[in-house]
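Peer 1: Read off the chains here:
Protein chains: 2
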Amino acid sequence: MKNLERDFLQGLETVLGKPNPFIPLHEPEFTGNEWERVKDCLDSTFVSSVGKYVDRFEVLLAEYTGAKYAIAVVNGTAALHIALLLAGVGPGDEVLIPALSFVATANAVAHCGAIPHFIDSEIETLGVDAEALRTYLKNCAIVDANGLINRFTKRRIAALVPMHSYGHPVNMTSLLDVAKDYNLPIVEDAAESLGSTYCGQHTGTFGQLGIVSFNGNKVITTGGGGVILTNDEEVAQQAKHLTTTAKLPHRWEFFHDRVAWNYRLPNLNAALGCAQIEQLPDFLRRKRLLAEQYQKVFQDIDGINLVSEPKYCKSNYWLNTLRLEKPSFEMRDRLLTIANDSGYQCRPTWNLLHKLPMYADCPRAPLPVAEQLEASLINIPSSAKFARG
Amino acid sequence: MKNLERDFLQGLETVLGKPNPFIPLHEPEFTGNEWERVKDCLDSTFVSSVGKYVDRFEVLLAEYTGAKYAIAVVNGTAALHIALLLAGVGPGDEVLIPALSFVATANAVAHCGAIPHFIDSEIETLGVDAEALRTYLKNCAIVDANGLINRFTKRRIAALVPMHSYGHPVNMTSLLDVAKDYNLPIVEDAAESLGSTYCGQHTGTFGQLGIVSFNGNKVITTGGGGVILTNDEEVAQQAKHLTTTAKLPHRWEFFHDRVAWNYRLPNLNAALGCAQIEQLPDFLRRKRLLAEQYQKVFQDIDGINLVSEPKYCKSNYWLNTLRLEKPSFEMRDRLLTIANDSGYQCRPTWNLLHKLPMYADCPRAPLPVAEQLEASLINIPSSAKFARG
Numbered sequence: 000m001k002n003l004e005r006d007f008l009q010g011l012e013t014v015l016g017k018p019n020p021f022i023p024l025h026e027p028e029f030t031g032n033e034w035e036r037v038k039d040c041l042d043s044t045f046v047s048s049v050g051k052y053v054d055r056f057e058v059l060l061a062e063y064t065g066a067k068y069a070i071a072v073v074n075g076t077a078a079l080h081i082a083l084l085l086a087g088v089g090p091g092d093e094v095l096i097p098a099l100s101f102v103a104t105a106n107a108v109a110h111c112g113a114i115p116h117f118i119d120s121e122i123e124t125l126g127v128d129a130e131a132l133r134t135y136l137k138n139c140a141i142v143d144a145n146g147l148i149n150r151f152t153k154r155r156i157a158a159l160v161p162m163h164s165y166g167h168p169v170n171m172t173s174l175l176d177v178a179k180d181y182n183l184p185i186v187e188d189a190a191e192s193l194g195s196t197y198c199g200q201h202t203g204t205f206g207q208l209g210i211v212s213f214n215g216n217k218v219i220t221t222g223g224g225g226v227i228l229t230n231d232e233e234v235a236q237q238a239k240h241l242t243t244t245a246k247l248p249h250r251w252e253f254f255h256d257r258v259a260w261n262y263r264l265p266n267l268n269a270a271l272g273c274a275q276i277e278q279l280p281d282f283l284r285r286k287r288l289l290a291e292q293y294q295k296v297f298q299d300i301d302g303i304n305l306v307s308e309p310k311y312c313k314s315n316y317w318l319n320t321l322r323l324e325k326p327s328f329e330m331r332d333r334l335l336t337i338a339n340d341s342g343y344q345c346r347p348t349w350n351l352l353h354k355l356p357m358y359a360d361c362p363r364a365p366l367p368v369a370e371q372l373e374a375s376l377i378n379i380p381s382s383a384k385f386a387r388g
Numbered sequence: 000m001k002n003l004e005r006d007f008l009q010g011l012e013t014v015l016g017k018p019n020p021f022i023p024l025h026e027p028e029f030t031g032n033e034w035e036r037v038k039d040c041l042d043s044t045f046v047s048s049v050g051k052y053v054d055r056f057e058v059l060l061a062e063y064t065g066a067k068y069a070i071a072v073v074n075g076t077a078a079l080h081i082a083l084l085l086a087g088v089g090p091g092d093e094v095l096i097p098a099l100s101f102v103a104t105a106n107a108v109a110h111c112g113a114i115p116h117f118i119d120s121e122i123e124t125l126g127v128d129a130e131a132l133r134t135y136l137k138n139c140a141i142v143d144a145n146g147l148i149n150r151f152t153k154r155r156i157a158a159l160v161p162m163h164s165y166g167h168p169v170n171m172t173s174l175l176d177v178a179k180d181y182n183l184p185i186v187e188d189a190a191e192s193l194g195s196t197y198c199g200q201h202t203g204t205f206g207q208l209g210i211v212s213f214n215g216n217k218v219i220t221t222g223g224g225g226v227i228l229t230n231d232e233e234v235a236q237q238a239k240h241l242t243t244t245a246k247l248p249h250r251w252e253f254f255h256d257r258v259a260w261n262y263r264l265p266n267l268n269a270a271l272g273c274a275q276i277e278q279l280p281d282f283l284r285r286k287r288l289l290a291e292q293y294q295k296v297f298q299d300i301d302g303i304n305l306v307s308e309p310k311y312c313k314s315n316y317w318l319n320t321l322r323l324e325k326p327s328f329e330m331r332d333r334l335l336t337i338a339n340d341s342g343y344q345c346r347p348t349w350n351l352l353h354k355l356p357m358y359a360d361c362p363r364a365p366l367p368v369a370e371q372l373e374a375s376l377i378n379i380p381s382s383a384k385f386a387r388g
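Top to bottom, those sequences are chains A and B.
Okay, so the first sequence: first residue is 0 according to numbering that gives the first Met the number 0, each after it adds one.
Okay, so the second sequence: first residue is 0 according to numbering that gives the first Met the number 0, each after it adds one.
Just chain A, same shape as in the assembly (with noise of 0.2 angstroms):
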């Protein structure tokens, strides 16, 4: 036991150098056009809602991750609740969501009025596990004239959101089989994955509709703000709509047709995100060295080792995740504690979401891989300049 204390902080610091005083967990980048962007911004006085920045990086978003259609909103929790309800999530609806995710995916569904349904995870990707999805639901729901049917609750289940854990994509092959047998629409939660890639295709482009964020922890940052990415017109125009108060376009007048969000991004924050995209195939590339390193380190040592991308994918390695063999939250919370009193952020992964109190008597299916990945996962310093090479 004593042995792997010792080798973890060794690890961490034979990639990182020793923390003067202090390793975060992810830090942004701003070493491209990020002040000429957003100097060019204020001189412009377009700050808000309207501005040129606001439609250029969604077009940079849309080529980037092949999208037919980006729409930039305030941040990633804002674009899930709204891709929800275009997915046709309504008040009393459940929603399937992993459980092992961070909390704004089960509030994206709450803001719906929905409840989220917890299911379990795969070891290997850390996402959704489509064949134990495909299991529960065989005993857990019926198939009537009103849809996919929680046989016990009686409650319509209207989507399933899978999540891309720390930018490793969910095997979605057997994902959109599931999906298509039981008529559920996809909402993927790619908040943390974008670069990453499933057989090519960028995840959060699999599904009806995708998000990501770009929270200040995230690949890419915008302060704050996030995006809806869409195939379909109907659902990007929509999505525009309900983002930004439901107005008419007229010369003058207020004519709004629906309840709408005030979920604009403003174009302060397109125009930091106009300025990181540009940057985001480097940071990838230095991440991916940083997970290299972590990855050669670690495999020497003994009961602990990195979650490395799954077959067939890409992963934007956000944030480097270790994982100990023998999951134990003792062991956990004793790596995490020297970790952080020397310097290093390192975190657990979230607590289940079922244990949170206000989700607690949500359905779920059995979790015990959620349960065991729960006990055994740690997240280390990922930021891109730690990278050599």
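Please note: incorrect hints may appear among the correct ones.
No copy is singled out in the list; a pair is fine if it fits within one copy or between any two copies.
Taking lysine-lysine pairs in the BS3-like style, the calculated list, with each CA pair at most 27 angstroms apart, reads [what the hints assert, rightly or not]:
hint	residue 1	residue 2
1	K246	K354
2	K137	K153
3	K325	K1
4	K179	K313
5	K51	K384
6	K384	K38
7	K38	K51
8	K239	K354
None of these hints come from the bench; they were simulated from the model.
Please arrange chain B on chain A, whose structure you already have, making use of the hints.
Peer 2: Using the frame of chain A, we list chain B on its own:
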């Protein structure tokens, strides 16, 4: 009739000069320390949810408004949504709001799962008419053990939201009396009235909670942003908690104890706000001068006059507002057409909220004054830079 059109256009030209080619309704000014603060924020890399500018902006806002607590959030709609929740508004409740307001006031009510209940405005202040409200409640509502109940819908009336239109304060003395008599919490929609006072006290600080917007068209802007104001420490803590995913402080654990929102103001936007609020006194001085210039020109024109600040009030004159002496949609739209055709961006007031399809079935008081105001108000260009002197 022809005279009024000619005089109106002439009045605009006298104050604003000739458009070259276009004078917007309200343009922000970044002539202070905006570059410096925003660049410093980028250089710090703390552009997102944590950072000194968010804290500083909150302190400056509390100092400026005299509220004990100020919680910066992502925009005014988000601020009002959370303020209503904290005032006790829940699903199925009704909330009294003016029919004459921007759609965000009603949307924030709907986002709580509550129902807007529309009330009338005063001619002079453009805001909620306290005496008309008192008379209306006598007939429409009863007080029982559950609070104030709409006797027709049987729903609880949970709060009252006055809105300070275009920066002109509502008659708060009378309104506080009514609220007290009916034990109704007040949430002030001061989205438009930063810098406006009633009897020397800042708007947004009379109710249990108040909110201000920093959208791009407001007196000061953060791109997009808003603030929740309150004098209650417990409410302030809850406001911060609910707008930041309700995460409990812990060195690494992700424990969230309520369904909550990601309504944080990014530090980047707060940096802009800090620079803008330094300039606020000068903006207000010049906006007042501009209003005086308009006043001087339009007082000599028959058929139209400028809305002036109410008694005991200091208005920020956010948007200068002309009033047709004889309400007429036809004349209003004719004036809007010639002004906009000539390059002066002018707008009518908002379509009354009960005329929008999603709010058409909501309960409402008689709205004779709001109807009259809808047909007679015109906003004219109001950027501080047009002030002379």
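Peer 1: Hints first: check each against the structure and report whether it holds.
Peer 2: Now the hints, each set against the structure:
1. With identical chains, the CA atoms of K246 and K354 are at most 27 angstroms apart between copies only, with a shortest distance of 14 angstroms across copies and 40 angstroms within one.
2. In this assembly of identical chains, the alpha carbons of K137 and K153 lie at most 27 angstroms apart only when taken from the same copy (15 angstroms versus 43 angstroms across copies).
3. Only within a single protomer do K325 and K1 lie at most 27 angstroms apart by alpha-carbon distance; the minimum there is 15 angstroms, versus 86 angstroms between protomers.
4. Taking the shortest alpha-carbon separations for K179 and K313, only the intra-copy value of 25 angstroms comes in at or below 27 angstroms, while the best inter-copy value is 62 angstroms.
5. In the homo-oligomer, the alpha carbons of K51 and K384 lie at most 27 angstroms apart only across protomers (24 angstroms), although the nearest pairing inside one protomer, at 30 angstroms, exceeds that limit.
6. When the C-alpha separation of K384 and K38 is checked against a cutoff of 27 angstroms, the pair qualifies both within a copy, at 25 angstroms, and between copies, at 21 angstroms.
7. When the C-alpha separation of K38 and K51 is checked against a cutoff of 27 angstroms, the pair qualifies both within a copy, at 14 angstroms, and between copies, at 21 angstroms.
8. Only between protomers do K239 and K354 lie at most 27 angstroms apart by alpha-carbon distance; the minimum there is 23 angstroms, versus 35 angstroms within a single protomer.
Hint violations for this structure: none, all hints satisfied.
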